[in-house]
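Residue numbers (this note's numbering): 5 to 652.
Keep in mind the hints are simulated off the structure, nothing from the lab. A couple of the hints might just be wrong.
[Claimed, not checked] In silico lysine to aspartate or glutamate, EDC-like type, Cα no more than 16 angstroms apart, as pairs: (1) K644 / E588; (2) K174 / D237; (3) K644 / D581; (4) K174 / D133.
[Claimed, not checked] Across the chosen pairs, the derived CB separations fall in these ranges: (5) E642 / P391: 42 to 52 angstroms; (6) R371 / T97: 48 to 58 angstroms; (7) S646 / N96: 53 to 63 angstroms; (8) V117 / N63: 12 to 22 angstroms; (9) N266 / D140: 24 to 34 angstroms; (10) T372 / D140: 47 to 57 angstroms; (11) H191 / V117: 24 to 34 angstroms.
For each residue, glycine too, the CB sits at the ideal point set by N, CA and C.
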Amino acid sequence: MSDRDHLVAAARWLARAQDAMTDGGIGGRYNLRGGWSSSYAETTGYIIPTLLALADELNDATFHERAEPCVEFLLRLQLPDGGFPGGEVLENTAQPSIFNTAQIITGLRAWHVATGDARALDAACRAADWLVAVQDADGAWRRHTYNGTITTYTAHASCWLAELGQYVEKQAYLRSAERHLDWVLGHRDHETGWFDLAGFNATHHAARRAVTHTIAYTLWGVLLTSEITQRADGIAAVHQAASGIARRLQLSGWLAGVLDRNWRAQANYACLTGNAQMALVWLRLHALSGDARYVNAALKAIDLVKRAQALFAHDPNVRGGIAGSDPVWGRYLYMAYPNWAAKFFIDALLAKREAIAGLSGRPLGRRTLPADIPTSVPLASAPSVPPALRVVLYASPQSAKVEQMVRAWSEWGFRPAAVVIERRAEPSVMQRLGARVRDDGPAALAARVFRRRALAASAGAAAPARSSHDPIAFCASHGIPVTEVTSLDSAEGVAAVRALRPDLAIHAGAGILRAAVLAIPRLGTLNAHMGLLPYYRGMNVAEWARFRRDEVGCTVHLIDGGIDTGDILCASTVSSDGARSIRELRDRVDTAQIRLLGQVVRFVCETGALPPRRPQRRDEGRQFFRMHPELAAVLDRELKASAAGHAD
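Between the sequences and the hints, there should be enough to build the whole structure, so can you do that?
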């Protein structure tokens, strides 16, 4: 389904959440076991800007009309001191809440921007005056908090105070917001970027963990306040934290609903609201920095929410909604569909569209290969007796690298002493099905299988062909010894490699190598990398460099315990001119890296030593992850257009 399909479905669900109420507010959540709850003032407030945005995006004035009763509902609820009550209306209409009041301020301000309604601006300012009045001298809010807990996610309250202060040019609001920013930054863990007190309760705080929903609240609040008050330290703090969370998402392909101070998973469910909110944080950081890695993370987070959206539910109260958790029985809002999940999902889809549209105007790259990186292999001064080196290749059963290397280097007589094939055991079909049922439930599994089959049938899709490369058969036909192991990291694998007594090893398509096997070859283990080190580490770096309009190339380096962080032996740039697709670009770089690696291997075989090396510092590079298909599509279109221009 297209993003617009998802957007429209979520918008219609929000409309139903309002229509289910009788007071103009928006129902807080739909519970699968209890039906609709009552109107929720806090979220009704910050949904107003979303309704106004939907009116423009969908060219549907009814969403603008829906915002007006939301405003009237809120004006009736405002307390004499200027605050707004916490919780839903059936729970409370008398006790004020710091957090709820601030979320309502942003909605009232948005309504005033759209309509000029003076009542809304007056109510927003009275609410802001109350927030300032009850703030403690150190910038914290300790009264009128959720469950009496002092938190740093109230950054998502002070940011709306700053926004209003900028709008009405009132320094008291800006100073209050900045005092709170200082207090929040004082609870930052400089090692990981974590913010203490970001959870819902004291138990979370003691364990230094929080739901991604409140983590994202904290980061967005710090970021927006820092932008408005021009605080570079706050923006840098959000960069650090958001990068750590993005790395966790990209490594696992999933984001747990609860994370700890090291951004490690502390739950077996996802918080869909948190996913959408983090996408918004990443997209905003991209707008500020131009770093498309943030867009990459945001698109993946949005995909996870799209996958979980109840687009085809029979119950209209569920259809189009976003559950609190994925699976829906996760601990964050168990078996419920909250209105704020739909709100943040809609906001994220709108921000995504804007980010993708703006990619064509991204600046030209300025990153070039550092001057001290070797770009050629020294001429070998042959010893009187050429050394007889044992070179071993590490590969997987589908790797094409063994054949590529042997054929490309045969002109100077290369022949490996052996090839080690790593056959990692894969889970059985029943094991995979069992894991899916445990994670998603039998109904969700059946629905996904049905949808996948239906899509394949409608598109006439065929199963992808298996790789035709067979390194074992190739080695047998060329008389090259082969050793098969379950894993190179296992005791069996380490013993097998040690028995081969390699002087030099070459990574030829195996998995990640660990310390035990890396320590065996006397001269080390070489790798050819499809990017220019030290900056471009990780995956898809050829296309990432071209996407960022930097130099494209390849590097030969020693493998160490990091990701592409070992000593550099040689690097070479590769022209992307005329490449009509990512595939063509990668083919060029692949050809270049096999050639460059061959030059290094030949030097080692002829001299018995490695060429001069250039160590890397960890902070010189960035780790890149698999490029999202939508970014890859942007690059493919650009390459095709550029190649056509060169042809002309």
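The hints, checked one at a time:
no.	hint	in the structure
1	K644 / E588	holds (10 angstroms)
2	K174 / D237	violated (23 angstroms)
3	K644 / D581	holds (11 angstroms)
4	K174 / D133	holds (11 angstroms)
5	E642 / P391: 42 to 52 angstroms	holds (48 angstroms)
6	R371 / T97: 48 to 58 angstroms	holds (57 angstroms)
7	S646 / N96: 53 to 63 angstroms	holds (60 angstroms)
8	V117 / N63: 12 to 22 angstroms	holds (19 angstroms)
9	N266 / D140: 24 to 34 angstroms	holds (30 angstroms)
10	T372 / D140: 47 to 57 angstroms	holds (51 angstroms)
11	H191 / V117: 24 to 34 angstroms	holds (33 angstroms)
The structure is inconsistent with hint 2 alone, although it conforms to all the rest.
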